[in-house]
Amino acid sequence: MDEAELHRATRSTPPGIVLNPFAEQALSPADRPTPGDGARHSRLVALDCSWETAEREAFDLEGVHRSLPFLVAGNPVNYGTAFQLNTVEAFAGALAILGERDHAERLLSTFSWGHTFLELNEEPLERYANCEDSSDIIDVQDDYLAEE
158 MDEAELHRAT RSTPPGIVLN PFAEQALSPA DRPTPGDGAR HSRLVALDCS
208 WETAEREAFD LEGVHRSLPF LVAGNPVNYG TAFQLNTVEA FAGALAILGE
258 RDHAERLLST FSWGHTFLEL NEEPLERYAN CEDSSDIIDV QDDYLAEE
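Following the working numbering, the numbering of the sequence shown begins with 158 at its first residue and continues without gaps.
Think of the hints as simulated: they come from the structure by calculation, not from any bench.
For glycine and all other residues, C-beta sits at the position ideal for the given N, C-alpha and C.
One or more hints might be untrue.
What the hints assert, rightly or not - For each label pair, taking beta carbons as the anchor points, the in silico distance ranges come out as:
1. 239 / 219: 14 to 20 Å
2. 303 / 283: 17 to 23 Å
3. 276 / 189: 23 to 29 Å
4. 200 / 303: 22 to 28 Å
5. 270 / 191: 18 to 24 Å
6. 303 / 168: 39 to 45 Å
7. 189 / 299: 21 to 27 Å
8. 263 / 233: 16 to 22 Å
9. 178 / 283: 21 to 27 Å
10. 260 / 235: 33 to 39 Å
Let's have the full structure, built from the sequences with the hints guiding it.
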């Protein structure tokens, strides 16, 4: 499956939309690439590390930095835990928010629990994908956090 590229050094990582838990702005459909955007919006970039223990400096990558809104892990390690996604869940969630649901499903299809992530987050992912911008995403997220 040729869905991702692995870069072992940050300096060799091409610019893109960097999924960063420390970012001040949430990922939204407004971040969808459009013709002429250039490299800073043409790909998703994520660090394959524990975001729980990662430090802000680890995310010093070129690109547009965005955080993910409220989503629940479907993987066996963090099942049912909010904001504890693994890297592939983060990628898939981002793709779904950006309107690439089919791509997200393909990415997760190689994992026995992949469908679980999409099932647990069906409603929020659909609502996020229908938002206009980051402020709308935060409003939707606040609805879910109020229920928690």
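Hints and how they fare:
Taking 14 to 20 Å as the suggested C-beta distance range, the pair residue 239 and residue 219 does not conform, at roughly 29 Å. Distance hint check for residue 303 and residue 283: the Cβ-Cβ separation is about 18 Å, which falls inside the suggested range of 17 to 23 Å. Range check, residue 276 to residue 189: Cβ separation about 24 Å, and the 23 to 29 Å hint holds. Distance hint for residue 200 and residue 303: a CB-CB separation of about 34 Å, inconsistent with the stated range 22 to 28 Å.
For the pair residue 270 and residue 191, the beta carbons lie near 33 Å from each other, so the given range of 18 to 24 Å is not met. Checked against the given bound of 39 to 45 Å, the beta carbons of residue 303 and residue 168, roughly 42 Å apart, stay inside it. For the pair residue 189 and residue 299, the beta carbons lie near 23 Å from each other, so the given range of 21 to 27 Å is met. Our hint of 16 to 22 Å for residue 263 and residue 233 holds, since their Cβ atoms are close to 21 Å apart.
One distance hint, 21 to 27 Å for the beta-carbon pair residue 178 and residue 283, holds here, with the actual separation near 23 Å. Range check, residue 260 to residue 235: Cβ separation about 23 Å, and the 33 to 39 Å hint is violated.
Of the numbered hints given earlier, the model fails hints 1, 4, 5, 10; all others are met.
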